Every structure is written in C-alpha cells, then in structure tokens.
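> So the sequence shown is numbered by our numbering: it starts at 7 and just counts up by one.
Computed spacing ranges between beta-carbons, pair by pair:
#1 Asn32 / Glu8: 17 to 23 angstroms
#2 Arg21 / Glu50: 31 to 37 angstroms
#3 Trp53 / Gly22: 33 to 39 angstroms
#4 Glu70 / Pro25: 18 to 24 angstroms
#5 Leu52 / Pro25: 30 to 36 angstroms
#6 Ile23 / Leu52: 30 to 36 angstroms
#7 Gln41 / Arg20: 15 to 21 angstroms
Quick caveat, the hints were computed from the structure, so don't treat them as lab data.
What you are looking at is a predicted structure, and each value in this text was computed from that prediction instead of being measured.
Quick reminder that beta carbons are idealized off the backbone N, C-alpha and C, glycines included.
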Amino acid sequence: MEAASAMFNERVLRRGISPSDPRYRNALYHLLMSQTSCYRYWGEGLWADRGRELCRRTMDILDESIEDDR
7 MEAASAMFNE
17 RVLRRGISPS
27 DPRYRNALYH
37 LLMSQTSCYR
47 YWGEGLWADR
57 GRELCRRTMD
67 ILDESIEDDR
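Generate coordinates for the entire structure from the input sequences, incorporating the hints supplied.
The structure is reproduced here in structure tokens:
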C-alpha cells in the first residue's frame, strides 16, 4: 500500500497533474479504495487480498496512463 501511495505521489502530485484530469481521478479513486481500514488492518484473508489487488490495480493504472520519466 505504501508503494502505491509513493508511486501516486511521484507520478501525479510531483508533476502537478490537474485534479480534473481523468487519469488523476482514476488513480486517486483506486488509491483511496486501497487505503480503507478494512483492507489495511486485517493482515490476512479475503479483505487483505482485496486490498492488495486494489494496490496492484492502482500501480497498473499509473504505469499505463502516466509514464515514468526516469
């Protein structure tokens, strides 16, 4: 979850992408969904699996829609 947050910060916030940009909104939506307490604090089982899947999707969205300039 921390990796998805860091990637959002690096790829979206530091670049100053507008909150009205659909890429921003899509990535933020998935990031916020992954940060809910039911995913974060249940370390195992179905809820934790769902949280990991949302983080994976967030990172995929960032990889596909907002390229890394490195």
